[in-house]
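Undergrad: Residue strings, one per chain:
4 protein chains.
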Amino acid sequence: MRVLLTGFEPFGGSAVNPSWQAVRLAEAAPPDGVSLSTALLPVVFHDALVRLRAAVEESGAEVVICVGQAGGRAGMTIERVAVNLDDARIPDNKGVQPVDEPIVADGPAAYFSTLPVKACVAAVRDAGLPASVSHTAGTYLCNHVFYGLMHHLESGRPGRRGGFVHVPYLPEQVPDGDKPSMPARSIAEALTAIVSAAVTTTEDLKETGGSLH
Amino acid sequence: MRVLLTGFEPFGGSAVNPSWQAVRLAEAAPPDGVSLSTALLPVVFHDALVRLRAAVEESGAEVVICVGQAGGRAGMTIERVAVNLDDARIPDNKGVQPVDEPIVADGPAAYFSTLPVKACVAAVRDAGLPASVSHTAGTYLCNHVFYGLMHHLESGRPGRRGGFVHVPYLPEQVPDGDKPSMPARSIAEALTAIVSAAVTTTEDLKETGGSLH
Amino acid sequence: MRVLLTGFEPFGGSAVNPSWQAVRLAEAAPPDGVSLSTALLPVVFHDALVRLRAAVEESGAEVVICVGQAGGRAGMTIERVAVNLDDARIPDNKGVQPVDEPIVADGPAAYFSTLPVKACVAAVRDAGLPASVSHTAGTYLCNHVFYGLMHHLESGRPGRRGGFVHVPYLPEQVPDGDKPSMPARSIAEALTAIVSAAVTTTEDLKETGGSLH
Amino acid sequence: MRVLLTGFEPFGGSAVNPSWQAVRLAEAAPPDGVSLSTALLPVVFHDALVRLRAAVEESGAEVVICVGQAGGRAGMTIERVAVNLDDARIPDNKGVQPVDEPIVADGPAAYFSTLPVKACVAAVRDAGLPASVSHTAGTYLCNHVFYGLMHHLESGRPGRRGGFVHVPYLPEQVPDGDKPSMPARSIAEALTAIVSAAVTTTEDLKETGGSLH
Numbered sequence: 345m346r347v348l349l350t351g352f353e354p355f356g357g358s359a360v361n362p363s364w365q366a367v368r369l370a371e372a373a374p375p376d377g378v379s380l381s382t383a384l385l386p387v388v389f390h391d392a393l394v395r396l397r398a399a400v401e402e403s404g405a406e407v408v409i410c411v412g413q414a415g416g417r418a419g420m421t422i423e424r425v426a427v428n429l430d431d432a433r434i435p436d437n438k439g440v441q442p443v444d445e446p447i448v449a450d451g452p453a454a455y456f457s458t459l460p461v462k463a464c465v466a467a468v469r470d471a472g473l474p475a476s477v478s479h480t481a482g483t484y485l486c487n488h489v490f491y492g493l494m495h496h497l498e499s500g501r502p503g504r505r506g507g508f509v510h511v512p513y514l515p516e517q518v519p520d521g522d523k524p525s526m527p528a529r530s531i532a533e534a535l536t537a538i539v540s541a542a543v544t545t546t547e548d549l550k551e552t553g554g555s556l557h
Numbered sequence: 345m346r347v348l349l350t351g352f353e354p355f356g357g358s359a360v361n362p363s364w365q366a367v368r369l370a371e372a373a374p375p376d377g378v379s380l381s382t383a384l385l386p387v388v389f390h391d392a393l394v395r396l397r398a399a400v401e402e403s404g405a406e407v408v409i410c411v412g413q414a415g416g417r418a419g420m421t422i423e424r425v426a427v428n429l430d431d432a433r434i435p436d437n438k439g440v441q442p443v444d445e446p447i448v449a450d451g452p453a454a455y456f457s458t459l460p461v462k463a464c465v466a467a468v469r470d471a472g473l474p475a476s477v478s479h480t481a482g483t484y485l486c487n488h489v490f491y492g493l494m495h496h497l498e499s500g501r502p503g504r505r506g507g508f509v510h511v512p513y514l515p516e517q518v519p520d521g522d523k524p525s526m527p528a529r530s531i532a533e534a535l536t537a538i539v540s541a542a543v544t545t546t547e548d549l550k551e552t553g554g555s556l557h
Numbered sequence: 345m346r347v348l349l350t351g352f353e354p355f356g357g358s359a360v361n362p363s364w365q366a367v368r369l370a371e372a373a374p375p376d377g378v379s380l381s382t383a384l385l386p387v388v389f390h391d392a393l394v395r396l397r398a399a400v401e402e403s404g405a406e407v408v409i410c411v412g413q414a415g416g417r418a419g420m421t422i423e424r425v426a427v428n429l430d431d432a433r434i435p436d437n438k439g440v441q442p443v444d445e446p447i448v449a450d451g452p453a454a455y456f457s458t459l460p461v462k463a464c465v466a467a468v469r470d471a472g473l474p475a476s477v478s479h480t481a482g483t484y485l486c487n488h489v490f491y492g493l494m495h496h497l498e499s500g501r502p503g504r505r506g507g508f509v510h511v512p513y514l515p516e517q518v519p520d521g522d523k524p525s526m527p528a529r530s531i532a533e534a535l536t537a538i539v540s541a542a543v544t545t546t547e548d549l550k551e552t553g554g555s556l557h
Numbered sequence: 345m346r347v348l349l350t351g352f353e354p355f356g357g358s359a360v361n362p363s364w365q366a367v368r369l370a371e372a373a374p375p376d377g378v379s380l381s382t383a384l385l386p387v388v389f390h391d392a393l394v395r396l397r398a399a400v401e402e403s404g405a406e407v408v409i410c411v412g413q414a415g416g417r418a419g420m421t422i423e424r425v426a427v428n429l430d431d432a433r434i435p436d437n438k439g440v441q442p443v444d445e446p447i448v449a450d451g452p453a454a455y456f457s458t459l460p461v462k463a464c465v466a467a468v469r470d471a472g473l474p475a476s477v478s479h480t481a482g483t484y485l486c487n488h489v490f491y492g493l494m495h496h497l498e499s500g501r502p503g504r505r506g507g508f509v510h511v512p513y514l515p516e517q518v519p520d521g522d523k524p525s526m527p528a529r530s531i532a533e534a535l536t537a538i539v540s541a542a543v544t545t546t547e548d549l550k551e552t553g554g555s556l557h
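Each protein sequence line maps, in turn, to chains F, Y, B and U.
In this text, residue positions in the first sequence follow the numbering used here: the first is 345, and each later residue adds one.
In this text, residue positions in the second sequence follow the numbering used here: the first is 345, and each later residue adds one.
In this text, residue positions in the third sequence follow the numbering used here: the first is 345, and each later residue adds one.
In this text, residue positions in the fourth sequence follow the numbering used here: the first is 345, and each later residue adds one.
Hint data in this document are derived by calculation from the structure and do not stem from the laboratory.
Small disclaimer: the values here were computed from a predicted structure and weren't measured.
Worth double-checking, as some hints may not be accurate.
Since the list can't tell identical chains apart, any single copy or any two copies may satisfy a pair.
Below, computed lysine to aspartate or glutamate pairings styled on DMTMM-like, alpha-carbon distance capped at 20 Å [said to hold, decoys possible]:
id	residue 1	residue 2
1	Lys550	Asp444
2	Lys550	Glu445
3	Lys438	Asp391
4	Lys550	Asp391
5	Lys523	Asp450
6	Lys523	Asp470
7	Lys550	Glu371
8	Lys438	Glu353
9	Lys523	Glu371
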């Protein structure tokens, strides 16, 4: 089974991005029976999608999992829904800051992840690490890439699945401990558990992962 | 201009629901030129939509704003997107707990609010109260009602707009101050500002209200 | 019964300080039988204590309650202990930033509040507002004034009691609602409840207000 | 140089206590030149101090660092002050719940840590892990042990230093990621850095570690 994992370059003044560090660590120790390829995406609207689509096609991956940083969250969060909206709170790495623009003109308002999100959460917890389902990937590059991925997969690529995973800060990004963090090797272990769940689960678990608001 | 405001009954063990308290206070002092009607919705899947659709039709409202409690948030949050998903973390007031079911079979994955969400945020802040845009209304009753509202309005009711606003706990709901709160009269003032912005804004403000994740 | 309430001037770039706004509102409507005087303290190490001691002597107050802003807390917090330490994270309003200096050379490491802290918490909750006991007033001006007050009262002023109360941000200080807040009139109501409890309680309630860490 | 590290047994319904797990890991790899002994303390008022004092005497430790869990904190926190107060929010492991009782009758209101707290914070950050100074250890077992330790050391044991360190939850204690956590091996690395700083620092760093409230 071929799986593509993507991470992002640093942004917003940070020198590192936990998503790429963890993706690289995960790549070094793939689950049995999984052929893992990786791609580094720029934190640039549109360019990120060009790079992503190329990687999806080059890899021939049957499962694509994009990974991004969610500074402030304490656990792995498996995103459930991507929305057709760019509303950038800060400029991207090329200085562009779209506000209230669709990602795909005439695209649907949203796509749901086609990963087994509940099984992915359970797999991370079974590995002793914290995880939950999230119902918003924001309106910046992470959601942009998530929506672009799902639009690409849903447009004539039947049977290929994809989704997005948000990860916490690395410990060195929060030296005074005012925000939660997770070591890169823990994030990598969690990603590996997610990849395993994604390739082995045919029907997702039927247990609540909902939020009241 | 006719406006409908809805609130919810209490749920989850609470004796009160700030949404209904504030809606009632707002009803007592509507903005000039606005004819305000209100409806109390049950915290029951499906039943809440039956009641909502009836209130929409009875009121003839051109603008419908549903209001619900988001315990833990510190300001007013104007919801931007409703998703076609029920995933109840706790049972509703009739004991029903849907998990991973669509709200409308074959409905679109999501609807965007047709309120001017940025203008609504600005109006609340101009009134000296905290507000922001939110990109998830959860997967419980609030999202259920929000999605059901948008589906109803988008199905053959052109020119009628709607959306959802989440409000904080009341002070008496958090006696030890471990979560944020807002007095009912402050919430009502904020709702009044939102109603005014909704009926007077023809084109929404073009300024960021986005989130990074 | 004579009571002195003190508040602080703005600091740290803020245009307002909720402590002084609320103290002024509380002064306008004192509890029955209470003669209330107030003093505005500068956010300046040492100078604040000079002004405080003068106000204590001028007022002849039997109960002194100093009030300060604790940005980020969601309820009223009744401070229990003042420590003999200045460690300023930011400079004061005169640009002075003491690090690891005692407030009173050869003073004891700490003083406990002589207010009935549990009764004060209960009084605020009875008024429908959130409150709890806090076990640190920080190491900036609030703790400085709290320690200086207790040292003054404990040095030959038997029967005169004092303490410190921290209050949340005002709503206008957190326009995007990323931190909790409380309207000035709510804070004032809570202060009035605290004053009443302080002057009428002879023996504090014996119920836990502790924290695990 | 002889150093004693103590941890606690589980409490409050948890099956594990990160303090003891990390102390055991740290013991297995002490810094050069340090003879490290450890002790497991019961989460029982008074009994914990009996066990602690015995371990201090048996070990002949010149530096004693007690470690406890602070569920909800995201980094290592080096406690600066212990107060003479038991106010238990929950019963201890023997079912005893003291409220508003002194730890040592006629003891001083507080003791300051005699560890170089700023150097300890810097050492943890240098190891790539989050840390800060804390000004309250609560009013439960951690503060009880911290105060009892300092009282013991200050009563006729010149030159022997001690203090308290709070550590976050383990990842497996927060499966849904609603609170921060840190892996046991990261906590152990941080403790080792603290031990090294404690035994090699003769004069603490003069840089702010203060908090505004």
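Undergrad: Hints first: check each against the structure and report whether it holds.
TA: Here is how each hint holds up against the structure:
no.	hint	verdict
1	Lys550 - Asp444	between (35 Å within a copy, 7 Å between copies)
2	Lys550 - Glu445	between (35 Å within a copy, 10 Å between copies)
3	Lys438 - Asp391	within (10 Å within a copy, 49 Å between copies)
4	Lys550 - Asp391	neither (37 Å within a copy, 24 Å between copies)
5	Lys523 - Asp450	neither (38 Å within a copy, 37 Å between copies)
6	Lys523 - Asp470	between (24 Å within a copy, 18 Å between copies)
7	Lys550 - Glu371	neither (30 Å within a copy, 42 Å between copies)
8	Lys438 - Glu353	within (12 Å within a copy, 43 Å between copies)
9	Lys523 - Glu371	neither (27 Å within a copy, 28 Å between copies)
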